[in-house]
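Asks: Given next are the chains, with one letter for each unit.
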Amino acid sequence: MLRANLSTRPFYNERLVRLALVLVGAIAVALTVYDVSQIVALTRRSTELAARTAAAETRARALREQGRDIRQALSSSDVEAVRAAAVEANALIERRAFSWTELFNRFEETLPADVRVIAVQPQVDQEGRLLVVITTMARRVEDVDAFIGRLEEAGGFSGVLSRQEETQDDGTLRSVIQGYYAATSSRPSSESTGGGR
Amino acid sequence: MRALYGGGPVPLGRILAEHRRTLVPLAVVLVVGAGLLAFVVMPMRASVTLAERRASQADAALAAAEGEVKAAEGTRAGKERAAADLQKFYADVLPADVAAARRITHLKLAQLAREHGVRYERMSAIPESIRGSALERLRVTFMLSGDYEDIRSFIYDLETAPEFVVIDNMVLSEGGTQQAPLTLDLQVSTYYRARPDGR
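Protein sequences appear in the order of chains A and B.
Heads up: take any position in the first sequence, counting from 1, add 205, and you land on my numbering.
Heads up: take any position in the second sequence, counting from 1, add 4, and you land on my numbering.
None of these hints come from the bench; they were simulated from the model.
Just so it is clear, CB atoms sit at the ideal spot from N, CA and C, and this is done for glycine as well.
A portion of the hints provided could be inaccurate.
[Unchecked claim] Pairs of lysine to aspartate or glutamate, EDC-like flavour, derived with a Cα cap of 20 Å: (1) B/83 / A/274; (2) B/74 / A/262; (3) B/83 / A/293.
[To be verified] In silico negatives: residues of chain A with every beta carbon more than 10 Å from chain B: (4) 272; (5) 347; (6) 365; (7) 381.
Chain A with its partners taken away, still in its complex shape:
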């Protein structure tokens, strides 16, 4: 049996070639569709971003001007004057809220029998702490020391020290004691808690 193909233009597999062409065509169409969709999406996104940027910049500019206007209207000297007045008012209110009755109660709780308080002066130091200066008359230095110890033990007073002492002609000891005082918040009743003067 003769197996040789003697044709000068032999047939080949047309279907395979057409399939390849269809595949290439599909790729070309897909690429075109992708390109077009990307161009449309990117154009839309670009427009949207440009609009958003412009709007944000315009609004930021307007807000900066608004902030500048507010700050210009608020002159720093006015703000400082109000601040200073508020600090002063608060300091006055704090001094007004200081309870002498509570302080008396504390002295009565802690005062030894041979010590008398003859003067009391509260002051506010540079750090805003309440410094109470107490002038006492006592028989002996031990009594003053006992008073200082009791003041600190009872709470409320800290850093108590006798900053000046002087023996009087009658032999009594006049002491100037100072201590930082943190009063309790509530105002106590007028009733004394006992003890002497």
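Use these hints to put chain B onto chain A, whose structure you have.
Replies: Same frame as chain A, now just chain B:
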């Protein structure tokens, strides 16, 4: 590609030539598509990335500007609130002028001392201006005498009274004898708004 029915290889040129009418448009479409991808889509994508960065920066600048305005408004509101509180303090809490200040110190304290059986010995008052302040101060010094419990209840009523009187200092002295009353040197102050004309 090989020929059917046992033939040799078919030249590629023959296949391409026979399908030229289809291949050329396909090639054109492919080349145009690739060109669009390389020269249009890619640069557009880079441009959009840049625009996104610019938009983020604009958003950040907007947030900063909003923060600035909020801070400025906060300062303004704080100042207005403080000013209103101060006005209320000056108008409702402090005496209006030196005359009102004198009434709540001199008159009120003398009455209070009488109510508590504390003897009113003498008084001196000095109005003072306070440097750098909108307030003036009336500083009053009293000398009172009485027994310890009366003085204590007098002090309690003074410090719980609605009038704005600050006790600055007090000095208690005993009398010469055991039965002699205590003497109280009491320094108090009250404050009022200085008149704009400075009088």
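Asks: Look at each hint and say if it fits the structure.
Replies: Here's how the hints hold up against the structure:
no.: 1; hint: B/83 / A/274; verdict: holds (16 Å)
no.: 2; hint: B/74 / A/262; verdict: holds (18 Å)
no.: 3; hint: B/83 / A/293; verdict: holds (15 Å)
no.: 4; hint: 272; verdict: violated (4 Å)
no.: 5; hint: 347; verdict: holds (22 Å)
no.: 6; hint: 365; verdict: holds (19 Å)
no.: 7; hint: 381; verdict: holds (12 Å)
Hint compliance for this structure: hint 4 alone is broken.
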